[in-house]
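Enquirer: Here the protein sequences line up with chains P and C, keeping their order.
Residues in the first sequence are numbered consecutively from 0, following numbering that gives the first Met the number 0.
Residues in the second sequence are numbered consecutively from 0, following numbering that gives the first Met the number 0.
Hints are computed from structural coordinates only; laboratory data are not their basis.
Don't take every hint at face value.
Claimed, not checked - Pairwise CB distance ranges, derived in the manner of DEER restraints:
#1 C:L121 <-> P:L37: 19 to 25 angstroms
#2 C:A118 <-> P:Y35: 22 to 28 angstroms
#3 C:G107 <-> P:F102: 18 to 24 angstroms
#4 P:A120 <-> C:A36: 17 to 23 angstroms
Beta carbons: idealized from backbone N, C-alpha and C, even for Gly.
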Amino acid sequence: MTGVWLALAVALAGGVGAACRMMLDGVIKERVRVPYPLGTTVINVTGSLVLGFVTALAGPLGPWAVVLGTGLLGGYTTFSTASYETVRLAQEGRWRAAVANGFGMLVVALLAAALGLWLGALVA
Amino acid sequence: MTSSVNTRPLHLRWSSVGLVIAGGFIGTLVRYLVSIALPEWGGMPWPIFLINVVGAFILGWLLEALARRGPDVGRRRALRLFGGTGVLGGFTTYSTFAVGTDGLFVTGDVWPGIAYAVATVLVGAAASLAGILLGARGARAHGVEEPDS
Numbered sequence: 000m001t002g003v004w005l006a007l008a009v010a011l012a013g014g015v016g017a018a019c020r021m022m023l024d025g026v027i028k029e030r031v032r033v034p035y036p037l038g039t040t041v042i043n044v045t046g047s048l049v050l051g052f053v054t055a056l057a058g059p060l061g062p063w064a065v066v067l068g069t070g071l072l073g074g075y076t077t078f079s080t081a082s083y084e085t086v087r088l089a090q091e092g093r094w095r096a097a098v099a100n101g102f103g104m105l106v107v108a109l110l111a112a113a114l115g116l117w118l119g120a121l122v123a
Numbered sequence: 000m001t002s003s004v005n006t007r008p009l010h011l012r013w014s015s016v017g018l019v020i021a022g023g024f025i026g027t028l029v030r031y032l033v034s035i036a037l038p039e040w041g042g043m044p045w046p047i048f049l050i051n052v053v054g055a056f057i058l059g060w061l062l063e064a065l066a067r068r069g070p071d072v073g074r075r076r077a078l079r080l081f082g083g084t085g086v087l088g089g090f091t092t093y094s095t096f097a098v099g100t101d102g103l104f105v106t107g108d109v110w111p112g113i114a115y116a117v118a119t120v121l122v123g124a125a126a127s128l129a130g131i132l133l134g135a136r137g138a139r140a141h142g143v144e145e146p147d148s
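One chain only, chain P, in its complex shape (with noise of 0.2 angstroms):
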């Protein structure tokens, strides 16, 4: 699997990754009704967990890899929305939130793809 069939199956697991991310951030609302970004937190710190794991087998795992990492898990965490999550809380004067949204994600994310990387290591 090279050149455009990669890239066509990255897109698609992409548009997977994309639709997942927008049912599992509806179910955490649903919920847990909490005046916070949960969803986004927790998809992207999943995210991030499963990447570190699958870029730790990225030789086995071949162009597999490449869906999986760049399309599935890409498409399901999302950089974008965070940030306009953040900026919200901040404009309602939620500091705290604000902070814990931009950096609590930060380091809960480094700290779970870590987690992965060290899983990923293991089984390899």
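Following the hints, position chain C against chain P.
Expert: For chain C alone, coordinates are given in the frame of chain P:
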């Protein structure tokens, strides 16, 4: 009496899922092509930085412009799901950003890694805010004053 399809929440409707898949397909494809076309100069993952900052700016503009033009229904909602959740959500990424930053830590570039991560969050927030302000200005120019809700 409404059918079960219409009482289903927005995020579980096939029409929403279809719009987001189509948008996510386009956004992910563009990100993939940009990331293979642009080199990582200076050993830093700048392509992802650029993608995330540009995407944050456009999403801020889109969501603000849509909100100021009226409630989230009909064509506006379809455009938000397709363009916002789909295209821009798929174009930008958090997982590649996180793993790329950890990659800098692993190679011993701890301070460049911290600077890269903090810069992404701060410049991204500034881009989101700039987009929101532009969206508000554009709406005022069209005679729209405040969001309906």
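Enquirer: Against each hint, give a clear statement of whether it holds in the structure.
Expert: The hints, checked one at a time:
no.: 1; hint: C:L121 <-> P:L37: 19 to 25 angstroms; result: holds, 22 angstroms
no.: 2; hint: C:A118 <-> P:Y35: 22 to 28 angstroms; result: holds, 25 angstroms
no.: 3; hint: C:G107 <-> P:F102: 18 to 24 angstroms; result: holds, 23 angstroms
no.: 4; hint: P:A120 <-> C:A36: 17 to 23 angstroms; result: violated, 30 angstroms
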